[in-house]
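To convert, count from 1 in the sequence shown and add 147; that's the working numbering.
Incorrect hints may appear among the rest.
Unchecked claim - Here are the simulated DSS-like cross-link-like pairs (lysine-lysine), alpha carbons at most 30 Å apart as the crow flies:
#  : residue 1 : residue 2
1  : Lys296    : Lys223
2  : Lys443    : Lys370
3  : Lys524    : Lys370
4  : Lys220    : Lys449
5  : Lys579    : Lys449
6  : Lys220    : Lys375
7  : Lys375    : Lys296
8  : Lys324    : Lys526
9  : Lys456    : Lys584
10 : Lys375    : Lys223
11 : Lys524    : Lys224
12 : Lys456    : Lys526
13 : Lys584    : Lys526
14 : Lys224    : Lys375
15 : Lys613    : Lys495
Treat the hints as calculated values from the structure; they're not laboratory data.
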Amino acid sequence: MRKNIVLKNFIINALGILFSRIMGVLRDIILALYLGAGIYSDIFFVALKMPAFFRRIFAEGAFGQAFLPSFLKASKKGAFCLNVLLQFSIIVFLTCVLVSFFAEFFTKIFAFGFSKETIILAAPLVSINFWYLFFIFLVTFLGSLLNYKQNFFITSFSASFFNLFVVIAGFFVTQDKPLEALYYFSYATVLSGLAQLIWHIFALKNTRILKSMYLSIKLKKTKTSLDKFHSTFTHGLLGSSANQISSLLDTTIASFLMAGSISYLYYSNRVFQLPLALFAIALSQVSFPKILRHLKANEEQKALAFMQKAFEYLSMLLILASIVGIILAKEIVEFLFQRGNFNQEDTKITAFLLQAYLLGLLPFGLQKLFSLWLYAKFKQKIAAIIAFKTLFISAFFSIVIILLIKEEAYKSLGIALASSISAFYLLYANIKEFGFKNLWGIFRVKFWLISIVFLSLFALGLFEIKDILIQFLIEIYHFLKVCFNGFF
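Work out the full structure, taking the sequences as your base and the hints as a guide.
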């Protein structure tokens with residue numbers, strides 16, 4: 148029965164993420180249509196990168212990794228939640244105010260290669276978009292409580308609000324006014340954060356945990372120790388910072404390359420993120436509370452048995468996605484983005500970057516699963532060290548490969564390839580901490596021999612029917628063009 152619950156939660160979570168990602172694809176189609184792959188799209192993606200950078204540090208990254216384990220151990224859960232919420236809300240709010248007042252300075256940090264004129268254009272948009280962070284921190288806090296209650300759909304579905312609001316904004320803009328479109332998309336981003344917050348509040352309004360927070364205030368029993376949480380969060384902060392600094396470095400390096408490089412990286416990474424989120428992130432979010440409970444109860448063998456199934460399912464899904472994506476990269480990018488201000492040359496470069504990213508899909512996905520073991524055992528410090536080593540590997544190979552590529556248009560390929568190279572080290576380091584003995588214990592030779600045969604036949608078969616699939620995509624495109632003539 149419990150196995151069925153885990154499977155049910157994974158499917159529900161995956162469906163929520165799938166809907167959100169489908170809306171995300173539609174959002175990116177709108178952005179490609181109105182902004183293309185040039186200076187205006189680069190500005191918008193930098194403006195989005197800034198709240199995303201801090202979001203994954205304060206919200207999804209260090210906070211998410213530290214909150215749930217500490218919450219489970221807290222004796223006064225209501226007081227614990229209340230103190231965490233107040234402390235971090237104040238920090239995030241003040242960060243938003245700081246960025247708003249010094250937007251040009253922060254824009255320069257995130258896109259050091261931008262000219263002074265481009266910085267001036269981008270700064271107001273950075274100031275607007277950054278307030279998305281404040282709402283998303285609150286959403287992440289409430290989402291962690293929902294995950295504890297085994298309710299994964301609300302949070303996984305809520306990301307679709309961001310995509311939906313940007314799509315709606317697309318109805319009010321035109322292709323010949325890209326700067327005006329940037330402001331519409333930016334305000335839509337902030338409003339989507341508010342919508343996600345309201346969505347989560349309604350989902351939690353009658354739960355016991357909110358009532359216990361209210362009682363803590365009413366009875367004036369708000370004192371509780373956060374020392375363990377702060378320690379865990381600090382170590383997690385280092386790891387999340389390293390991951391986000393790596394992403395920041397990618398953007399900074401790309402800002403020195405030809406105009407559109409940031410956009411090529413964004414569009415290709417967005418497609419790459421679809422299978423990563425749908426399979427790896429969805430499964431990891433469901434698995435973390437399960438592994439945490441087993442290890443807390445000293446049931447390590449049960450936790451390993453769960454890891455075995457998750458490892459096998461996730462590996463197969465990620466390999467299949469990699470094969471499909473690499474073989475059909477050009478067709479996928481062309482189908483999704485090639486219209487309006489996004490031309491054939493943009494498609495060609497973006498497709499190459501997508502293939503480079505997909506080389507690292509399997510290690511990136513699996514490391515998310517194995518890293519859960521570290522977080523469940525409160526080894527955030529080790530995770531932080533691994534993340535910083537990965538950062539240096541990625542930065543080193545980005546610069547080396549860019550210098551080796553002679554053609555200016557394809558230099559951004561070096562950043563995508565370096566990302567995949569660093570993913571293999573990241574997986575190796577997480578497996579090392581998980582234990583090679585444990586890995587061998589969950590590794591079934593018979594399963595993998597059968598899988599290799601199946602995957603080989605699948606790849607060969609996909610090559611054979613590639614032309615049929617392309618024709619099918621063309622037919623879908625023409626159908627959508629008739630249905631949504633304004634966008635296609």
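Verification of the hints:
no.: 1; hint: Lys296 to Lys223; verdict: holds (17 Å)
no.: 2; hint: Lys443 to Lys370; verdict: holds (25 Å)
no.: 3; hint: Lys524 to Lys370; verdict: holds (26 Å)
no.: 4; hint: Lys220 to Lys449; verdict: holds (20 Å)
no.: 5; hint: Lys579 to Lys449; verdict: holds (20 Å)
no.: 6; hint: Lys220 to Lys375; verdict: holds (10 Å)
no.: 7; hint: Lys375 to Lys296; verdict: holds (22 Å)
no.: 8; hint: Lys324 to Lys526; verdict: violated (50 Å)
no.: 9; hint: Lys456 to Lys584; verdict: holds (17 Å)
no.: 10; hint: Lys375 to Lys223; verdict: holds (14 Å)
no.: 11; hint: Lys524 to Lys224; verdict: holds (20 Å)
no.: 12; hint: Lys456 to Lys526; verdict: holds (23 Å)
no.: 13; hint: Lys584 to Lys526; verdict: holds (19 Å)
no.: 14; hint: Lys224 to Lys375; verdict: holds (14 Å)
no.: 15; hint: Lys613 to Lys495; verdict: holds (18 Å)
Against the hints set out earlier in the document, a violation occurs for number 8 only.
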